[in-house]
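Enquirer: Chains as they are written, first to last, in the numbering used here: chain C, 1 to 114; chain V, 115 to 227.
These are calculated hints, taken from the structure and not from any lab test. Among these hints, one or two may not hold up.
Claimed, not checked - Reference excerpt, derived from the structure (chain V facing chain C, CB under 8 Å, subset only):
{"hint": "1", "residue": "G172"}
{"hint": "2", "residue": "A216"}
{"hint": "3", "residue": "G221"}
Note that CB positions come from ideal geometry on N, CA and C, so glycine has one too.
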Amino acid sequence: AQSVTQLDSQVPVFEEAPVELRCNYSSSVSVYLFWYVQYPNQGLQLLLKYLSGSTLVKGINGFEAEFNKSQTSFHLRKPSVHISDTAEYFCAVTMPYNNNDMRFGAGTRLTVKP
Amino acid sequence: ETGVTQSPTHLIKTRGQQVTLRCSSQSGHNTVSWYQQALGQGPQFIFQYYREEENGRGNFPPRFSGLQFPNYSSELNVNALELDDSALYLCASSPRTGGGEAFFGQGTRLTVV
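Excised from the complex, chain C in its bound form (with noise of 0.2 Å):
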């Protein structure tokens, strides 16, 4: 089965500087991924999606992600951030052709301070 592992369960960062969120994937078969944002007492909100083609994706709110097959990594990256970027940030993972059981990392606590 698949699953995800994120390596920074926090990562503090000033504001206006650019931020790396990592994400590592295991699975025996191609996959599907995924970055969710969550802001405090709200449910998750879409910043990007990996399905297939290229593997540089960029999503909302100025994010990007780099699909890397051989390291199987999707890190996320803002060249700079804004206060407003402070949220949770989940990687996930599911099969192509088949949504059900989405796997989700612990998720990464993103602080950005003045």
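Following the hints, complete the assembly by docking chain V onto the known chain C.
Expert: What follows is chain V alone, placed relative to chain C:
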């Protein structure tokens, strides 16, 4: 186009009681999944419903059960509540069961005392 809506937003129950949580899927979506998110953790898959039939289940006991209605809305029922059932319960809808992202509701915060 309305998104995924869940009710109630907060709920407090006593150990041993039963609870029903409700979810209205996004317009045009025929697949609904339920997740449990304990404090400080990622969401854990409970089960998925596709066209009113269960279409996959995670590692949750039978006291967690569900329904999907002809309009694709869904219910999650939990019997014999335990303290560890305290969590945020998230509903997600998808336009199909075969891949692609899930669209999440705001969740129901259940507290068992």
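Enquirer: For every hint, state whether the structure bears it out.
Expert: Here is how each hint holds up against the structure:
Using the Cβ-Cβ criterion of 8 Å, the hint placing G172(V) at the interface with chain C is satisfied: the shortest such distance is roughly 6 Å. Checking A216(V) against chain C: minimum C-beta separation of about 6 Å stays under 8 Å; hint holds. With a cut of 8 Å, the hint placing G221(V) at the interface with chain C holds, because the nearest CB-to-CB distance is about 5 Å.
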